[in-house]
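There are 2 protein chains.
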Amino acid sequence: MPDPAGQPPPVRASGAAPPRASRSAADRLLAVLGAFDHRNAALSLTEIARRAGLSLATAHRLTGALAAWGALERDAKGSYHIGLRLCELAALAPRGWALREVALPYLEDLYEATHENVQLAVRDGLDVVYIERISGRSAVGVRSRVGARWPVHATGVGLVLLAHSPAAVQEQACARPLTGFTPHTLTDPARLRRTLAEVRRAGCAVSDRQITEDALSVAAPVRGPRGDVVASVSLVVHAAGAQPPTLIPAVRLAGRGISRALGWQPGPASA
Amino acid sequence: MPDPAGQPPPVRASGAAPPRASRSAADRLLAVLGAFDHRNAALSLTEIARRAGLSLATAHRLTGALAAWGALERDAKGSYHIGLRLCELAALAPRGWALREVALPYLEDLYEATHENVQLAVRDGLDVVYIERISGRSAVGVRSRVGARWPVHATGVGLVLLAHSPAAVQEQACARPLTGFTPHTLTDPARLRRTLAEVRRAGCAVSDRQITEDALSVAAPVRGPRGDVVASVSLVVHAAGAQPPTLIPAVRLAGRGISRALGWQPGPASA
Chain A
1 MPDPAGQPPP VRASGAAPPR ASRSAADRLL AVLGAFDHRN AALSLTEIAR
51 RAGLSLATAH RLTGALAAWG ALERDAKGSY HIGLRLCELA ALAPRGWALR
101 EVALPYLEDL YEATHENVQL AVRDGLDVVY IERISGRSAV GVRSRVGARW
151 PVHATGVGLV LLAHSPAAVQ EQACARPLTG FTPHTLTDPA RLRRTLAEVR
201 RAGCAVSDRQ ITEDALSVAA PVRGPRGDVV ASVSLVVHAA GAQPPTLIPA
251 VRLAGRGISR ALGWQPGPAS A
Chain B
1 MPDPAGQPPP VRASGAAPPR ASRSAADRLL AVLGAFDHRN AALSLTEIAR
51 RAGLSLATAH RLTGALAAWG ALERDAKGSY HIGLRLCELA ALAPRGWALR
101 EVALPYLEDL YEATHENVQL AVRDGLDVVY IERISGRSAV GVRSRVGARW
151 PVHATGVGLV LLAHSPAAVQ EQACARPLTG FTPHTLTDPA RLRRTLAEVR
201 RAGCAVSDRQ ITEDALSVAA PVRGPRGDVV ASVSLVVHAA GAQPPTLIPA
251 VRLAGRGISR ALGWQPGPAS A
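Line by line, the protein sequences are chains A and B. For the record, in the first sequence the residue sitting at position 203 is 203 according to the UniProt record's numbering, with numbers rising by one throughout. For the record, in the second sequence the residue sitting at position 172 is 172 according to the UniProt record's numbering, with numbers rising by one throughout.
Quick caveat, the hints were computed from the structure, so don't treat them as lab data. Keep in mind that this is a model prediction, so the values were computed, not measured. Hints should not be assumed to be uniformly reliable.
[What the hints assert, rightly or not] Over 12 Å on every C-beta distance to chain A, these chain B residues come out as not near it, computed from the model: (1) 27; (2) 135; (3) 190; (4) 243.
[Stated by the list, open to error] Label-pair distances were calculated between CB atoms; the ranges are: (5) 189/B x 239/A: 22 to 30 Å; (6) 47/B x 228/A: 33 to 41 Å; (7) 190/B x 47/A: 46 to 54 Å.
C-beta atoms are modelled at their ideal positions from N, C-alpha and C, and glycine is treated no differently.
Please take these sequences and the hints and turn them into a complete structure.
Next up, the structure:
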């Protein structure tokens, strides 16, 4: 079963690497950073050069510049890792840790009330990216990690984010091949469309064993000051014996709490 | 009062910008990223060019490359922000979110046991960088943020990290001017040295109103598999009425829990 977290994002239109001859200096530097991913978090210089498609000399020069700046760090064995300076920058991302900072007290409340997995995610193209996860010791195992990507159609947070996306994005999501992770994954475009309409109507999404056979998630929208859905919060619980109706109010409440903290004010007819 | 978070790190030897004429393409691209900080999390193209010391044309080309790659995002008003792609990379940093992921259950336990501010930090040169913070609603206000930097001498986590640093780092810390944030900040090198010895002896640090007049922190070491101190965990409480002896066991326990999760095994004589 492929781990989507290890794949490049499917709809970053300009993300395709240009032909090698025409690569700019900026592209080459970013290719060094792009050599790192979940499965390749520690890389030798040779591996960086190979994965970035660079000569060893160029890779050496660029990793040197990145390490001097703090974007990369080198361990005792000589392997390179992502450095603290990028963590400092990431903390400034409005859709990343800045949002997470506002949301955290509400996520903690949801965790204390349930002791289940609590997640916060945003949409990037046709993927969701998890920007926070609080896991209980006895909670069901989940395959998300902070910074991980999953396709929108297969997760509770993804269904919420997709249901409130522009029509063109929804069409794009339904038109592409829908990867199945279990027999329960929504891989039929017509069923996905019906589910999205239901998510909009209900104000929440239930994703039943779509990623793993033992987990069910309940997700609700997080709105920004203008009322648009900017993120989604979810609870992930053991599918066996799960009773979504008992979870939905808490998840929706957490979503509304974060929305208010972001400056959203419910209108008279708001769900 | 200057906010150290907005200043460049004091001991990143190779971090000083080279004379403009000799700046490489890599340096220019990194200067665009370096234009962003806590006080400048949203920047126009003009501001990026000015802060990075680049022509408008060069800044335009480089922000374009960074935005196409996902390192920057542009909002509806045309301002640039740090993008999700850097959050994904930051999640791979072994001293950042990868460490935080291992530590989080223990930080949550410490939070549930105390409902005070819980922090996790690592050392970068003579600064500490906070990589996690869990704040209670009624806990004392703290000036740290995830991704923020503070000088090692002025914080509980910093005293722990400095006390277990190589002798050369400790000397460097004592030799530089010690910024005072309150009348209680350790600004006397001799007193700082005595405090560091005491921290090593006690296995924890108490930082009393060093950053703000109303906060006291108790910090303990987090050890890696080889026994070296790789991070520090702390509780920050209201200074008025604080009783450090009642807090120290919980903080030390959290530190030991995270250390074990990282693969540390206490030796027979380990504190």
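So, going through the hints one by one against the coordinates:
no. : hint                      : in the structure
1   : 27                        : 6 Å, violated
2   : 135                       : 7 Å, violated
3   : 190                       : 30 Å, holds
4   : 243                       : 25 Å, holds
5   : 189/B x 239/A: 22 to 30 Å : 60 Å, violated
6   : 47/B x 228/A: 33 to 41 Å  : 26 Å, violated
7   : 190/B x 47/A: 46 to 54 Å  : 48 Å, holds
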